[in-house]
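Participant: Going down the list, the protein sequences come from chains Z and B.
Residue numbering for the first sequence is 1 to 97, as defined by our numbering.
Residue numbering for the second sequence is 1 to 169, as defined by our numbering.
Hints were generated in silico from the structure; no laboratory data involved.
There may be inaccurate statements among the hints.
As the list claims (entries may be wrong) - Derived lysine to aspartate or glutamate pairs resembling DMTMM-like cross-links, with alpha carbons at most 25 angstroms apart:
#1 Z:K41 - Z:E3
#2 Z:K86 - Z:E73
#3 B:K27 - Z:D76
#4 Z:K87 - B:E23
#5 Z:K77 - B:D52
#6 Z:K77 - B:E84
#7 B:K58 - Z:E72
Said to hold, decoys possible - Here are some chain Z residues the structure puts well away from chain B; computed CB gaps all over 10 angstroms:
#8 I2
#9 T16
#10 A20
#11 S22
#12 C32
Said to hold, decoys possible - DEER-style ranges, computed between Cβ atoms:
#13 Z:S27 - B:Q69: 17 to 27 angstroms
#14 Z:R46 - B:V13: 40 to 50 angstroms
#15 Z:V49 - B:K42: 22 to 32 angstroms
#16 Z:I34 - B:G114: 37 to 47 angstroms
#17 Z:V12 - B:E50: 36 to 46 angstroms
#18 Z:R46 - B:E50: 39 to 49 angstroms
#19 B:G127 - Z:D76: 13 to 23 angstroms
#20 Z:A18 - B:N126: 38 to 48 angstroms
#21 B:P47 - Z:V90: 23 to 33 angstroms
#22 B:K130 - Z:S27: 42 to 52 angstroms
#23 B:K42 - Z:A31: 23 to 33 angstroms
No experiment lies behind these values; they were computed from the predicted model shown.
C-beta atoms are modelled at their ideal positions from N, C-alpha and C, and glycine is treated no differently.
As a plain string of letters, each chain reads:
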Amino acid sequence: MIERLSHGPASVHGLTEAFALSQQMISKHVACLIRARIVIKTKRGRESVCTLRPEAIKSVSDWAAYYRRFWEESFDKLDVVVNQMKKTEVRDGKKHG
Amino acid sequence: MEKNTVDETERMVITRVFDAPRELVWKAWTDPQYVMQWWGPKGFTSPFCEMDFRVGGKFRCCMRSPDGQEFWNAGEYHEIVLHEKIVSSMYFADPQGNKVEPEQYGIEHEAIDGAYDVTIFEDLGNGQTKLTFIGNEPMESAINSGQIEGWNQILDKVAELIGGLASAK
Chain Z
1 MIERLSHGPA SVHGLTEAFA LSQQMISKHV ACLIRARIVI KTKRGRESVC
51 TLRPEAIKSV SDWAAYYRRF WEESFDKLDV VVNQMKKTEV RDGKKHG
Chain B
1 MEKNTVDETE RMVITRVFDA PRELVWKAWT DPQYVMQWWG PKGFTSPFCE
51 MDFRVGGKFR CCMRSPDGQE FWNAGEYHEI VLHEKIVSSM YFADPQGNKV
101 EPEQYGIEHE AIDGAYDVTI FEDLGNGQTK LTFIGNEPME SAINSGQIEG
151 WNQILDKVAE LIGGLASAK
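Next up, chain Z with everything else stripped away, as it sits in the complex:
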C-alpha cells in the first residue's frame, strides 16, 4: 500500500480497487498507517484521500528496496517468458523466428 501511495495520493475507493480487498480492510490498514504517522487522510468532497507524509516517502521509497524489488519481480516475469520461449521452440521444432 505504501508503495502504491508512493506514486501519489489515492482515495480509499481507489486503493480498494488496486488491492482487490474490501473497503473495510483497506480502511483498517489505512487507519494503522495513519496511527504510525506514515499516511495523512484528507477529505476531498465526499472522498477520503490518503497521502504519504513526505518524511515517510524518504524512508520507504529508498533506492535499495526499490532496486531489489525491481529485479526480484522482473526475474519472476523472466521465468514466465523463458518457459513460454521454451514451449515455442519445442512447438516450432527449434526453428528460429
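We have chain Z already, so just place chain B on it with the hints.
Facilitator: Frame of chain Z, contents of chain B only:
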C-alpha cells in the same frame, strides 16, 4: 570506513534457476523483443525497449506502472562474454536516454559512483540455467566476478577427464 568503498548493505545478489538451457535464458535477457515481456516489477508493462547489445553499446527501456506512470532507464554494456556474463551500468533516464536524477521519479538514491551490475549465466548441465544478478559492484570486482564459478567448472572438467583417464588404464 573509506568514503568510496561500497557499503556491503548496498550490494544486492539475486539468483534464480531457470528450467531452460543457457542459450535460451541468454536470448530472453539480451533480445529486446523478450526483455519487453519481463522488464519491471509485477504489474508493470514495458512499452519500449531498445538495446545496442555490444561492449560500449547502450540500452534504453521504459516501464509503465499499473496507474500509467512511466519510468525510463538507460545504461551501457561494459563487458560481454557470450552466454556467460554481462557487466553493465544502469541509471534513470528521460525518454531520450539522458541520465536524470532518480529524485525526479520520486526515488531516493544515494549515488554509488563506479557501480556496475553483473549478470552471470551458469549452465547447470541438466537443462537448467542459474542466473546470478549482482547489483552495484565496483568495477574491479565486477571484472573478477564469475571467475570463481568458471574455475569450478574447469576443475570439474579436469576431474572428469582425470577420472576417465584413470578408468581407461
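Participant: Taking the hints in turn, state whether each one holds.
Facilitator: Right, here's what the structure says about each hint:
{"no.": "1", "hint": "Z:K41 - Z:E3", "in the structure": "16 angstroms, holds"}
{"no.": "2", "hint": "Z:K86 - Z:E73", "in the structure": "20 angstroms, holds"}
{"no.": "3", "hint": "B:K27 - Z:D76", "in the structure": "16 angstroms, holds"}
{"no.": "4", "hint": "Z:K87 - B:E23", "in the structure": "15 angstroms, holds"}
{"no.": "5", "hint": "Z:K77 - B:D52", "in the structure": "22 angstroms, holds"}
{"no.": "6", "hint": "Z:K77 - B:E84", "in the structure": "21 angstroms, holds"}
{"no.": "7", "hint": "B:K58 - Z:E72", "in the structure": "23 angstroms, holds"}
{"no.": "8", "hint": "I2", "in the structure": "13 angstroms, holds"}
{"no.": "9", "hint": "T16", "in the structure": "14 angstroms, holds"}
{"no.": "10", "hint": "A20", "in the structure": "12 angstroms, holds"}
{"no.": "11", "hint": "S22", "in the structure": "20 angstroms, holds"}
{"no.": "12", "hint": "C32", "in the structure": "23 angstroms, holds"}
{"no.": "13", "hint": "Z:S27 - B:Q69: 17 to 27 angstroms", "in the structure": "25 angstroms, holds"}
{"no.": "14", "hint": "Z:R46 - B:V13: 40 to 50 angstroms", "in the structure": "48 angstroms, holds"}
{"no.": "15", "hint": "Z:V49 - B:K42: 22 to 32 angstroms", "in the structure": "25 angstroms, holds"}
{"no.": "16", "hint": "Z:I34 - B:G114: 37 to 47 angstroms", "in the structure": "42 angstroms, holds"}
{"no.": "17", "hint": "Z:V12 - B:E50: 36 to 46 angstroms", "in the structure": "40 angstroms, holds"}
{"no.": "18", "hint": "Z:R46 - B:E50: 39 to 49 angstroms", "in the structure": "45 angstroms, holds"}
{"no.": "19", "hint": "B:G127 - Z:D76: 13 to 23 angstroms", "in the structure": "20 angstroms, holds"}
{"no.": "20", "hint": "Z:A18 - B:N126: 38 to 48 angstroms", "in the structure": "41 angstroms, holds"}
{"no.": "21", "hint": "B:P47 - Z:V90: 23 to 33 angstroms", "in the structure": "29 angstroms, holds"}
{"no.": "22", "hint": "B:K130 - Z:S27: 42 to 52 angstroms", "in the structure": "44 angstroms, holds"}
{"no.": "23", "hint": "B:K42 - Z:A31: 23 to 33 angstroms", "in the structure": "26 angstroms, holds"}
In this structure, none of the earlier numbered hints is contradicted; all agree with it.
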